[in-house]
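> Protein chains in written order, with my numbering: chain S, 866 to 1181; chain E, -5 to 275; chain X, 210 to 657.
Honestly, the hints are just simulated from the structure, not real lab data. There may be inaccurate statements among the hints.
BS3-like mimics (lysine-lysine), calculated; alpha carbons at most 30 Å apart, straight line [to be verified]:
no. : chain 1 : residue 1 : chain 2 : residue 2
1   : X       : K654      : X       : K342
2   : E       : K218      : X       : K579
3   : E       : K129      : X       : K373
4   : X       : K537      : E       : K218
5   : E       : K129      : X       : K386
6   : S       : K988      : E       : K103
7   : X       : K373      : X       : K386
8   : E       : K218      : X       : K342
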Amino acid sequence: MTSRAPGSSPKHSPRAATVRRRGGGAPALFLAPFLLLFAAVMLVPIGYAVYLSLFTEHSSGLGFGGTETVFTGFGNYARALGDAAYRAGFLTIIQYCLLYLPVMLGLSLLVALLLDSALARAKRFFQLALFLPHAVPGIIAALIWTYLYTPGISPVVEALNSAGAHLDLLGHPVPAVVNMAVWEWTGYNMVIFYAALQAIPREVLEAALMDGAGPLRTALSVKVPLIRASVTMVAMFTVIGSLQLFTEPMVLYRNAPAVVSSWTPNMYAYTAAFDHNDYGLAAASSVLLALAAAALSFVVTRATRGRSERRAEATA
Amino acid sequence: MSPRPAYLSKAVVNGALLLFTLYTLLPLGWLVTAAAKNTPDLLGGNTLTPANVHLGQNLHDLATTDGGIYFHWYLNSLLYAGGGALLCAFVCVCAGYAFEVYQFRGKEKLFGLVLLGVLVPTTALALPMYLVASKVGLVNTFWAVLLPSLVNPFGVYLARVFCAGYVPGEVLEAARMDGAGELRTFWSIGLKMVMPGFVTVFLFQFTAIWNNFFLPLVMLTDSKLFPVSLGLYSWNTLTRSEPTFYPLVVTGSLLAVVPLVVAFVSLQRHWKAGLTAGSVK
Amino acid sequence: MSTTPTTARPRRAHLAAAATAGVLALSLVAACGSGSSGDTGASSGPVTITFWGWAKGTQDVVNAFNASHQDVHVDFQQIPSGVAGGYAKISDAAKAHNAPDLFNVEYAALPDFVSQGAVQDITKLVPASLKDKYLPQAVELTTLAKKSWGLPLDAAPQALFYRKDLFAQAGITTPPKTWDEYRADAQKLKQAVPNTRIGTFLPDDPSTLEALAWQNDAHWFTGIGDTWSVDINSPETKRVTDYWQQLIADDLVRVQPSFSQQWTASLQKGETAGYVGAAWGGGVLKSTLASSPDAAGKWAVAPIPTWDGKPASGMLGGTTFAVSKDSKKAQAAVEFATWATTTPEGIQARIASGTSSLFPADPDLVPTAKAAFKTDFYGGQDIYSVFVDAAKAIRPDWQWGPAMSVTNNAMKDAFSKLTSGGTVGAAVDASQQATLAELRNRGLKVSR
């Protein structure tokens, strides 16, 4: 359910703006279903998670006399943050992002630029073929790649072995998961970049041509800067998506011992809730994760907005 | 025209694109050939060949194992994804229409809140959602998966963009002059004109629900309610003691990919429109 | 919410009204949802109990029971095995008060479920005459704080499974009796067949290591009065971990997750020639290799090697029937569980399905099990006689801790570092620390 979208309100066509109206109760009626559901599946769970995160279960003696729920304040938060395994989960995400972001962004930009060049043929076919992995559910993508990673089972590893290259991705889960994600998302983001490139006014490109810029120079110093907004936006949604990493490592978990039960913050919360029955800890670690995501998107939006405003001032 | 460097020839550009296409299509090719293999071939690595076809046997096993539960899951997925996406698209278009067409107090603030919802990690929410659902007794029911699937803040954003582009104010104004009520205007004019947007939101939400794994994983325990993604996962855990499930999981995966591939191939215009709306500001 | 709002009421009131309607709709849905499950059925006719399990052949046992009983009807649902999500499922259901009347749980997980308050005390329903039927070691594991919490289905004495032909190829004529011999044989095998190893260290499965520590007289958990003594990284355990660490370091065993694609593939290809398992492994190994025709008849079972050559065993797994806390039909549930664990019909139905080679916790039923299990995969060997001796040698007084999921996850997570400088010994240290922290956090009394 990772939808990626820009974080700003759309431009309104002037036509619509002239006839915007109050409409009595109509807007409330049209908005009610969405807002109700929005509250029920987003606001209420967040609130309830915050509430639950303040309690813990206690027993006494050997522990066979049942449990009671006691208020613990920020005890669960302290426990999560004090747990090296939880912190290691964030470290995994950072490593993952450091590898995934440049590779995926670079590849999708490159492919979009290639497609946008006058030389590319069969553009529709390429767009579709490159986008297709996105139609594969994450769980199935992970299953397929696990087969393709496993020595003795994978024809790819076999072929590499006979070529003298030894690939042990099961022992290196970060690149293993990065590859799955690159496969799933590069085509998707490529289509976004390609659309942005297509929207660049022809006059700008012609001007660059007049200045004597070659295709490579045009791509790097004219086209890429012009779609910077799209790139930043994709980068932000990629980072937020990365924080949620769960499905792919969960499938790898059984086949790659290097993936531990708390490999990502999400897996930590899942293990706490469903393996250890520690709902307080699970709630606290989920809340912390959501806070991290919120803080991150706030910082990124502020940074990019600041920059584009500065740019707007400079051009004005 | 300035001279073109040699590394930018037609052959190199298309060659690079082909190479990358090979990377994206190879795993899918593997899925197609592997779906026809039996356990020893799967675990022996004889997968990328057209030989040793047991597809008929695998499909038969798929249809009969556990009383044909796989196709039950398939049906569930169609129901969750089809019904969920249909309702979600409707809810989103309603909201997007309201945001675009009407003027009311606090509108942009409210829209900002909705956009903030796009940023909240949905999997981080799944667990809290489970806790709420277990409080109100919704855990392990059809609704536990369906209700959360109806909300997509990004869909509201898309719907608003589409309303801005496809629903001319004059037409609405004319309808109002004719004495049509707000609801009627929406139903008979707005909704029809924004249909392309509706289909786009539907397509994206269908994919999201079809692919969703974490939410059903936490919500459902009764295998009769599983969507196909969770069913395949549960079978994949069974392979631990019963390797006969390996081919079932692979063949089942192939069938589970088919509807989405068909949808994306036949509705190219719509997903491209959706992604374009996301890219051009 | 289908009426059109026409008046100019303040918008906020609208929203509030709509919200109320929505909440009402939600709770209606909720009522429908919860009503459908856990229905008690009519008062006349047989008592219907719900039962969750995953052990092999369970469906056959339930069918046989339902066919021969009019008073109780069992409604069985197959769930994923415990660690693969089954336990999570049971605890969730227990929390939401819709757990089945009866469920299967392994010995190791029973204390966890009892301390969560998910299990019913069935002491009153378990007469001494019933208890006497089971192996005392199994009864011990279902008795916590002097109360009965479950009926044991199987004991899981350890055993060594090996490929006769590959051992012969390496000049090994009799299977190893001691761990020293096991190591020597591992070397011989690697020399003779360089691509083949004698066995596997399973980094995803602490239970094998636990059974090996148990075999060496370790006692990880001891409840003394109302206080736990936790002794996971004791010298007895360390002897076992050091031994396996050395096997791994010398590349004499593989490191592969249990029943993973790699492991299954390497068994099928003859690249792994042995398996340190338990009685139930006989059936599992057989079905794991069912699709590789050349494996049949080549496997054999031997007593598990020991440190001093005298028979000794731990228990690797093993399952019980527990009644859920909220069940109002404990009596019927216990009736079915008793039938399934102590009657020849119950054991016969399970094993005749062809996939289970469990060792009944009621030793009188071993002949039934033996007669029902087809041993052509093991060249017709009388594998149950190996299990009988091993069962007698199961060391008494082992106790499982009240937070085994934490104990095991900590160990499993530390095993993940085996390929990057971690050791098996460090993993039990990590587990000791994590377990102590968890018990203290739960408010339990811990002496060390």
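> Decide, hint by hint, whether the structure agrees.
Hints, one by one, checked against the model:
1. Of the supplied pair hints, the one linking X/K654 and X/K342 is violated, its CA atoms being roughly 34 Å apart against a limit of 30 Å.
2. A distance of roughly 36 Å separates the Cα atoms of E/K218 and X/K579; the hinted pair therefore is violated under the 30 Å criterion.
3. Between E/K129 and X/K373 the CA atoms are separated by roughly 56 Å; this puts the pair beyond 30 Å, and the hint is violated.
4. For the suggested pair X/K537 and E/K218, the alpha carbons sit about 25 Å apart, so the restraint of at most 30 Å is met.
5. Between the alpha carbons of E/K129 and X/K386 the distance comes to roughly 56 Å, so the proposed pair goes past 30 Å and is violated.
6. Distance hint between S/K988 and E/K103 is unfulfilled; the C-alpha atoms sit about 41 Å from each other, more than 30 Å.
7. The straight-line distance between the Cα atoms of X/K373 and X/K386 is roughly 15 Å, inside the 30 Å bound, and the hint therefore holds.
8. Between the alpha carbons of E/K218 and X/K342 the distance comes to roughly 38 Å, so the proposed pair goes past 30 Å and is violated.
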